[in-house]
Amino acid sequence: MRDGAYPDSERASVDRFRALAERELPHLYAIARRFVGNDAEDVVQECLLRAYRNFSQLEHEQAGGKWLTSILVNCCRDHWRARGRRVEVVELDEADEFSLFRKIADEDPFPYSDSVHLDFLHQFGSEDVRAVLASLPELYRVPLVLVHMAGYHVKEVAFMFDVPLGTMLARLHRGRKLFERELWSYAEQNGLLKEGARR
Amino acid sequence: MITCAEAVRQLWDYLDGIVDESQRELVEEHLSFCRRCCGELEFAEELRRFLATHAEDDLPPTVRARLTATLDELGQT
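If you're matching them up, the sequences are chains A and B in order. So in this note's numbering, spot 23 of the first sequence is number 23, and the numbers just go up one at a time. So in this note's numbering, spot 58 of the second sequence is number 58, and the numbers just go up one at a time.
Among the hints, erroneous ones may be present.
[To be verified] So the derived list for chain B, only partly shown, Cβ under 10 Å to chain A, looks like this:
no., residue
1, Q23
2, R24
3, E28
4, S32
5, R36
6, F43
7, A44
8, F50
9, L59
10, P60
11, L67
12, D72
FYI, nobody ran anything at the bench for these hints, they're computed from the structure. Quick reminder that beta carbons are idealized off the backbone N, C-alpha and C, glycines included.
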């Protein structure tokens, strides 16, 4: 059907979908970048196609952002499956006990600073954070991004992945701990622990 | 009474408000006398803000243009 050939109600629906999608594009792209890296654009495009086909199922348009994000997450999961990515489970190990707070206090990377913990975090730009997140297994990265970067409640993420809340809480906990550990490793490997490295 | 290790393990959940009442009381009791864990708590809050601060990427204009073109096509099908 060409533009102008829609009944008014359908035209209005198409316009509402477009307004929603355009508003959410930066958010969808940001999440996709953290989930599938350089394939983000393809995955967002697939998300738009699926969402458009199912727009009539969206009951409350104020929930449109989360609805689109749920579709995006499913597209990312399909993307991983299509590439035969195995789910990497990290065994219970010292990561669960790792404390970045204590590590920074013990190692004291900026000995002349009164705010050594904040100074540590301020070394990281967005590219650095993306690289650290990319180093985490998907199983733990996904809840971390959805809860702490996309604003989902952990119960919503558990529902989205059809797993018990306790399972998702455990993944989120491990994701946070792995993130802390990888922040420190990244800082060590990329020279962020030197006084001169401050930005 | 809980140990520092047990308190630290629950700090993020405590901040997220997903610990039950009895756990919350135990964490708060521990925080009332443990300065180090109070530091852990403040740092966990900073890490939450840090993650939220780095949540968005700039959508490159070329990518936006291509995705907008996709929306144009959808609107005409």
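- Query: In ascending order, which of the hints set out earlier in this document are inconsistent with the structure?
  - Reply: 1, 2, 3, 4
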